[in-house]
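*Asks:* The primary structure of each chain is shown beneath.
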Amino acid sequence: EPEVTQTPSHQVTQMGQEVILRCVPISNHLYFYWYRQILGQKVEFLVSFYNNEISEKSEIFDDQFSVERPDGSNFTLKIRSTKLEDSAMYFCASIRRDRALDTQYFGPGTRLTVL
Amino acid sequence: GQQVMQIPQYQHVQEGEDFTTYCNSSTTLSNIQWYKQRPGGHPVFLIQLVKSGEVKKQKRLTFQFGEAKKNSSLHITATQTTDVGTYFCAGRRGGSNYKLTFGKGTLLTVNP
Numbered sequence: 001e002p003e004v005t006q007t008p009s010h011q012v013t014q015m016g017q018e019v020i021l022r023c024v025p026i027s028n029h030l031y032f033y034w035y036r037q038i039l040g041q042k043v044e045f046l047v048s049f050y051n052n053e054i055s056e057k058s059e060i061f062d063d064q065f066s067v068e069r070p071d072g073s074n075f076t077l078k079i080r081s082t083k084l085e086d087s088a089m090y091f092c093a094s095i096r097r098d099r100a101l102d103t104q105y106f107g108p109g110t111r112l113t114v115l
Numbered sequence: 001g002q003q004v005m006q007i008p009q010y011q012h013v014q015e016g017e018d019f020t021t022y023c024n025s026s027t028t029l030s031n032i033q034w035y036k037q038r039p040g041g042h043p044v045f046l047i048q049l050v051k052s053g054e055v056k057k058q059k060r061l062t063f064q065f066g067e068a069k070k071n072s073s074l075h076i077t078a079t080q081t082t083d084v085g086t087y088f089c090a091g092r093r094g095g096s097n098y099k100l101t102f103g104k105g106t107l108l109t110v111n112p
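Residue numbers (this note's numbering), protein chains in the order written: chain A, 1 to 115; chain B, 1 to 112.
Please keep in mind that the hints were generated in silico from the structure rather than gathered at the bench. Everything numeric in this text was worked out from a predicted model, so none of it was measured. C-beta: ideal position from N, C-alpha, C; glycine also. A hint or two may mislead.
As the list claims (entries may be wrong) - Cut-off 30 Å, straight-line C-alpha distance, at most; resulting in silico cross-link-like pairs (DSS-like, lysine-lysine):
{"hint": "1", "chain 1": "B", "residue 1": "Lys-51", "chain 2": "A", "residue 2": "Lys-78"}
{"hint": "2", "chain 1": "A", "residue 1": "Lys-83", "chain 2": "B", "residue 2": "Lys-56"}
{"hint": "3", "chain 1": "B", "residue 1": "Lys-59", "chain 2": "A", "residue 2": "Lys-42"}
{"hint": "4", "chain 1": "A", "residue 1": "Lys-83", "chain 2": "A", "residue 2": "Lys-57"}
{"hint": "5", "chain 1": "A", "residue 1": "Lys-78", "chain 2": "B", "residue 2": "Lys-104"}
{"hint": "6", "chain 1": "A", "residue 1": "Lys-57", "chain 2": "B", "residue 2": "Lys-104"}
{"hint": "7", "chain 1": "B", "residue 1": "Lys-70", "chain 2": "A", "residue 2": "Lys-57"}
{"hint": "8", "chain 1": "B", "residue 1": "Lys-36", "chain 2": "A", "residue 2": "Lys-42"}
{"hint": "9", "chain 1": "B", "residue 1": "Lys-70", "chain 2": "B", "residue 2": "Lys-59"}
{"hint": "10", "chain 1": "A", "residue 1": "Lys-42", "chain 2": "B", "residue 2": "Lys-51"}
{"hint": "11", "chain 1": "A", "residue 1": "Lys-78", "chain 2": "B", "residue 2": "Lys-36"}
{"hint": "12", "chain 1": "A", "residue 1": "Lys-78", "chain 2": "A", "residue 2": "Lys-57"}
{"hint": "13", "chain 1": "B", "residue 1": "Lys-104", "chain 2": "A", "residue 2": "Lys-83"}
{"hint": "14", "chain 1": "B", "residue 1": "Lys-51", "chain 2": "A", "residue 2": "Lys-57"}
{"hint": "15", "chain 1": "B", "residue 1": "Lys-36", "chain 2": "A", "residue 2": "Lys-57"}
{"hint": "16", "chain 1": "B", "residue 1": "Lys-59", "chain 2": "B", "residue 2": "Lys-104"}
What the hints assert, rightly or not - Selected chain A positions facing chain B (Cβ under 8 Å, derived; list incomplete):
{"hint": "17", "residue": "Tyr-31"}
{"hint": "18", "residue": "Lys-42"}
{"hint": "19", "residue": "Val-43"}
{"hint": "20", "residue": "Phe-45"}
{"hint": "21", "residue": "Phe-91"}
{"hint": "22", "residue": "Ile-95"}
{"hint": "23", "residue": "Arg-97"}
{"hint": "24", "residue": "Asp-102"}
{"hint": "25", "residue": "Thr-103"}
{"hint": "26", "residue": "Gln-104"}
{"hint": "27", "residue": "Tyr-105"}
{"hint": "28", "residue": "Phe-106"}
{"hint": "29", "residue": "Gly-107"}
{"hint": "30", "residue": "Pro-108"}
In isolation and in its complexed conformation, chain A is listed as follows:
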């Protein structure tokens, strides 16, 4: 069964550094998402991406965040200058959008630790 993949599985960085989290969505999917989950808390929506542009973003997704689909395969989340509070699991998800069938498939996540 096709899967969403994410790399790296764990990223450790110093505060103020830039990080890029990578995702490869399922190949025939059209909508892409980033969510984050701070340890022990709920999954929070960050951004959705469709047709090569952001379709919706949350208040968490400020100017320090950006997303890109550079090559039609990868879907990346960049944090320009990481803060301690950015430490979390970041999940990528994708959806095919086939009429009412909109199951979101989540990747295994990247654990980001900001020191």
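Starting from the structure of chain A, add chain B where the hints point.
*Replies:* Just chain B now, kept in the frame of chain A:
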């Protein structure tokens, strides 16, 4: 903005006991999805409910969607140790780019 409340936050049961988690949205939903997350894992899709009053079953799991499409529940009959994990509901409003708003989840632990 849309909020999805989920209770209880934690539930500890003896193996064989039943378990229920409840989800309530501040707005009417287009559909609701349920996910299970094992400790250290990622959310895994369980089921989607779309119709008002819908009830779906997966073996020992029963999912319900309220008539007003604002609340939902997940009931597990005769829990097993393999049911351990956090159960999240996630609601989607119509026309919202399929963004999911998650509840805080219910952590289920099962004593063998």
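*Asks:* If a hint holds in the structure, say so; if it doesn't, say that too.
*Replies:* Structure-based check of all given hints:
Simply put, Lys-51(B) and Lys-78(A) have alpha-carbon atoms about 38 Å apart, too far for the 30 Å limit, and the pair is violated. Distance restraint check for Lys-83(A) and Lys-56(B): the Cα-Cα separation of roughly 43 Å exceeds the 30 Å cut-off, and the hinted pair is therefore not satisfied. Proposed proximity of Lys-59(B) and Lys-42(A) is supported: the alpha carbons are some 26 Å apart, at most 30 Å. Restraint check for Lys-83(A) and Lys-57(A): satisfied, since their Cα atoms lie roughly 19 Å apart, inside the 30 Å limit.
At most 30 Å may separate the alpha-carbon atoms for a hinted pair to count; Lys-78(A) and Lys-104(B) meet this at roughly 26 Å. A hinted pair counts as satisfied when its Cα atoms are at most 30 Å apart, and Lys-57(A) with Lys-104(B) qualifies at roughly 20 Å. Our distance criterion of 30 Å between C-alpha atoms is met by Lys-70(B) and Lys-57(A), whose separation comes to about 23 Å. Between Lys-36(B) and Lys-42(A) the CA atoms are separated by roughly 12 Å; this keeps the pair inside 30 Å, and the hint holds.
The straight-line distance between the Cα atoms of Lys-70(B) and Lys-59(B) is roughly 25 Å, inside the 30 Å bound, and the hint therefore holds. A threshold of 30 Å between alpha carbons decides the hint, and for Lys-42(A) with Lys-51(B) the separation of about 25 Å falls inside it, so the pair holds. With a C-alpha separation of about 27 Å, the suggested pair Lys-78(A) and Lys-36(B) falls inside the 30 Å cut-off, and the hint holds. A distance of roughly 14 Å separates the Cα atoms of Lys-78(A) and Lys-57(A); the hinted pair therefore holds under the 30 Å criterion.
Distance restraint check for Lys-104(B) and Lys-83(A): the Cα-Cα separation of roughly 23 Å lies within the 30 Å cut-off, and the hinted pair is therefore satisfied. For a cut-off of 30 Å, the pair hint linking Lys-51(B) to Lys-57(A) stands: about 27 Å separates their Cα positions. A distance of roughly 24 Å separates the Cα atoms of Lys-36(B) and Lys-57(A); the hinted pair therefore holds under the 30 Å criterion. Among the hinted pairs, Lys-59(B) with Lys-104(B) is consistent with the structure: their alpha-carbon atoms are about 25 Å apart, no more than 30 Å.
Below 8 Å, beta-carbon pairs count as interface contacts, and Tyr-31(A) has one with chain B at about 6 Å; its hint therefore holds. For the restraint placing Lys-42(A) at the interface with chain B, the shortest Cβ-Cβ distance is roughly 4 Å, inside the 8 Å limit, so the hint holds. Taking 8 Å as the C-beta cut-off, the interface hint given for Val-43(A) holds, the closest approach to chain B being about 4 Å. For Phe-45(A), the interface hint holds, since its Cβ comes within 8 Å of a Cβ in chain B; the closest pair sits about 5 Å apart.
The closest approach between the C-beta of Phe-91(A) and any C-beta of chain B is roughly 6 Å, which is under the 8 Å cut-off, so the hint is satisfied. Checking Ile-95(A) against chain B by beta carbon gives a least distance of about 5 Å; that is within 8 Å, so the hint holds. Checking Arg-97(A) against chain B by beta carbon gives a least distance of about 7 Å; that is within 8 Å, so the hint holds. Against a cut-off of 8 Å between C-beta atoms, the interface hint on Asp-102(A) holds, since the closest Cβ of chain B lies about 5 Å away.
Given hint, Thr-103(A) at the interface with chain B, holds; its Cβ is 5 Å from that chain's nearest Cβ, closer than 8 Å. At about 6 Å, the closest approach between the beta carbon of Gln-104(A) and any beta carbon in chain B falls short of 8 Å, and the interface hint on this residue holds. A hinted interface residue such as Tyr-105(A) counts as satisfied when its beta carbon comes closer than 8 Å to some beta carbon of chain B; here the least separation is about 7 Å, so the hint holds. The restraint placing Phe-106(A) at the interface with chain B holds, with a minimum CB-CB distance near 5 Å, inside the 8 Å limit.
The interface hint given for Gly-107(A) is met, as the beta carbon of that residue sits about 7 Å from the closest beta carbon of chain B, less than 8 Å. Because the beta carbon of Pro-108(A) sits about 5 Å from the nearest beta carbon in chain B, less than 8 Å, this interface hint is met.
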